[in-house]
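Going line by line, the protein sequences match chains A and B. Counting from 1 along the first sequence, just add 191 to a position and that's the residue number in this note's numbering. Counting from 1 along the second sequence, just add 256 to a position and that's the residue number in this note's numbering.
Derived by calculation from the structure, the hints in this document are not laboratory data. Just to be clear, a hint being listed does not mean it is correct.
Claimed, not checked - If you want the footprint, here are the derived chain A segments under chain B, 3+ residues with CB under 8 Å:
| # | region |
| --- | --- |
| 1 | 317 to 325 |
| 2 | 400 to 411 |
Said to hold, decoys possible - So these bits of chain A aren't anywhere near chain B, every CB distance computed over 10 Å:
| # | residue |
| --- | --- |
| 3 | Leu222 |
| 4 | Asn242 |
| 5 | Trp255 |
| 6 | Arg391 |
| 7 | Leu439 |
| 8 | Lys449 |
| 9 | Lys453 |
| 10 | Ile459 |
Ideal Cβ positions, reconstructed from N, Cα and C, are used throughout, including at glycine.
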Amino acid sequence: MRAAFIRGLIKAAERDSKIMLITGDLGYRFLEPFTEKFPDRFINIGVAEANLVTVAAGLAAAGWKPFIYSIATFASMRCYEQIRTDIVMQNLNVKIVGIGAGLAYNKAGPTHHSMEDIALMRMLPGMGIVSPHDQQQTEKITASLAKTSTPAYLRIEANPLRQVLQSQTLQNTDMAFLVTGTKLWLADEVQKKLFKIGIRSNIFRFPIISPLDKKRLKEICRTYKIAATIEEHRVTGGFGSAVGEYILENNKTMKLLKFGLKDIFTPISASYENLLKYHGLTAGNIVRRIISSM
Amino acid sequence: MMKKNIQKFCHEVALTSLDISYHAHTGHIGSALSISDLVAVLYAGRLDVKKDRFILSKGHAAAALYSVLYHKKIMGKKLIDSFGADTGGLCEHPEMKDPGIEMTSGSLGHGLAFASGIALGYKKINKKPPHVFVLISDGECGEGSVWEAAIFASRMKLDNLTVIVDYNKWQCFGASSEITPLEPFAKKWQSFGFSVHTIDGHNIEEINKTYHRIPFEKDAPSVIIANTVSDTAYQLLKTSSSDTIRYLMNLNIKRQG
Chain A
192 MRAAFIRGLI KAAERDSKIM LITGDLGYRF LEPFTEKFPD RFINIGVAEA NLVTVAAGLA
252 AAGWKPFIYS IATFASMRCY EQIRTDIVMQ NLNVKIVGIG AGLAYNKAGP THHSMEDIAL
312 MRMLPGMGIV SPHDQQQTEK ITASLAKTST PAYLRIEANP LRQVLQSQTL QNTDMAFLVT
372 GTKLWLADEV QKKLFKIGIR SNIFRFPIIS PLDKKRLKEI CRTYKIAATI EEHRVTGGFG
432 SAVGEYILEN NKTMKLLKFG LKDIFTPISA SYENLLKYHG LTAGNIVRRI ISSM
Chain B
257 MMKKNIQKFC HEVALTSLDI SYHAHTGHIG SALSISDLVA VLYAGRLDVK KDRFILSKGH
317 AAAALYSVLY HKKIMGKKLI DSFGADTGGL CEHPEMKDPG IEMTSGSLGH GLAFASGIAL
377 GYKKINKKPP HVFVLISDGE CGEGSVWEAA IFASRMKLDN LTVIVDYNKW QCFGASSEIT
437 PLEPFAKKWQ SFGFSVHTID GHNIEEINKT YHRIPFEKDA PSVIIANTVS DTAYQLLKTS
497 SSDTIRYLMN LNIKRQG
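The task is simple: from the sequences and hints, build the whole structure.
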């Protein structure tokens, strides 16, 4: 996913000479294709996230288009007030790239588990939030984000465990899955398991969390009685919460199940899949909860 | 501007700061007065408003900046009279949307990094880049982000950046020497790679001369440590007998740094 981001950014930088990449001393062995090609448009700020954000805001105020790069926890939380005041409040064209979002740093411990970043970014009016499904989309979305002039947060999770092809839309379905980020493979597994026991569903992809595609949500609410969101973020405050707020505010009757990370910290070293399991983010668990709620 | 005119300009700016603060019944008067000469002299001479930028990092002293912008005819009468209004007016801290305001400030510790970003942005595309001035407070130096930015500005050799520190030695609860001890202050900045000048922040001629010597050194950011007194302008003005002064008499303005 990181390499895909860099490919997308290089494409954008070839077109637009104002694009810059600024890191908080992270991305060693991933950023080089950019730094070698555009040495004048790369800065390693050092281990100083507050400075990373505010310097980028200053560069944007002088006409540059900086992408700032750090691990999602540090890119979103350590410098949250700087993001709010210097970037979003002043509506400056800075893109924040949070890598290793969710549980990607599975063995690094909870300081590196970014489970709250969507919630934080959702609180900032005018902040775009994008969480791509796979490498191909990451590259594409990075290049198109570079063409926009407003602040945005690009959430890069771990590589998807399996690639999912665009599935066919089924007719006469029982429920909908709304998925953001790389958990598309999980939704795909759940969909197949449910199909075997006679529950038909469709998967709707939401790489863009903010602004939420309300037109599409309206259509989903009209078609389905039950839906489930899947994301690698706390169930509190994330994508599922955003969908839930839409349902409540618009008096929709669609029942919503939210699947994501538990409201706990996980101070254990584990494989990525085991850590997901620890949080109950497995196909079996999701299927069980869906069956019991139907 | 001639020396005599600069003096008059400074006086008018201080009076307007007092007036608008009085009408709005807002605090931070001491803080505005401790910087009013520094900002007024900058706008009266060294600063080219068409290309240079001035960032007020200690946003709570906005009254002084608004007054300068008003006397420079960048901000209109109606707007400055709306300072702290009940029906939608100028905020007590600067907002980027308002004329002449280069940064939304009020949260301390942001200005130096923001100014460094702009200075670097200019330097990347200009052989003779515009100059960026940023005014910070002494209490503000308790924010770690000030020193993150100081390391960065020096590393980037931003000689088109000048930090003006309002060293009035007071912060909310009392003397900054007790709360945020900064001495040896000049040495601190020096050790961070800045070229330092310490001045009397109310000596108009000294301020003006120092501004015109900027940059003090090639390839190094400059810092001016301005020794100020929160109520200096007030001391000068207290012979007048306006309502404003009577209101101020009731305030412990020394504690507003």
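Verification of the hints:
Check result for the region 317 to 325 of chain A against chain B: violated, 0 residues qualifying (beta carbon to beta carbon below 8 Å, three or more required). With a cut-off of 8 Å between beta carbons, the region 400 to 411 of chain A has 0 residues touching chain B; three or more are needed, and the interface restraint is violated. Non-interface status of leucine 222 (chain A) relative to chain B is upheld: no Cβ of that chain comes within 10 Å, the nearest being about 19 Å off. Under the 10 Å C-beta cut-off, the non-interface status given to asparagine 242 (chain A) relative to chain B is violated; the minimum distance is some 4 Å.
Distance to chain B contradicts tryptophan 255 (chain A) as a non-interface residue, since its nearest Cβ pair spans about 5 Å, not more than 10 Å. A cut-off of 10 Å between C-beta atoms confirms that arginine 391 (chain A) is not in contact with chain B; the least separation is 52 Å. With a least beta-carbon separation of about 32 Å from chain B, leucine 439 (chain A) lies farther than 10 Å from that chain, consistent with its non-interface assignment. For lysine 449 (chain A), the non-interface assignment is confirmed: its Cβ lies about 34 Å from the closest Cβ of chain B, beyond the 10 Å cut-off.
In this structure lysine 453 (chain A) is separated from chain B by more than 10 Å, as the shortest Cβ-Cβ distance comes to about 33 Å. No beta-carbon of chain B comes within 10 Å of the beta-carbon of isoleucine 459 (chain A); the shortest separation is about 31 Å.
Consistency note: the structure conflicts with the earlier hints numbered 1, 2, 4, 5.
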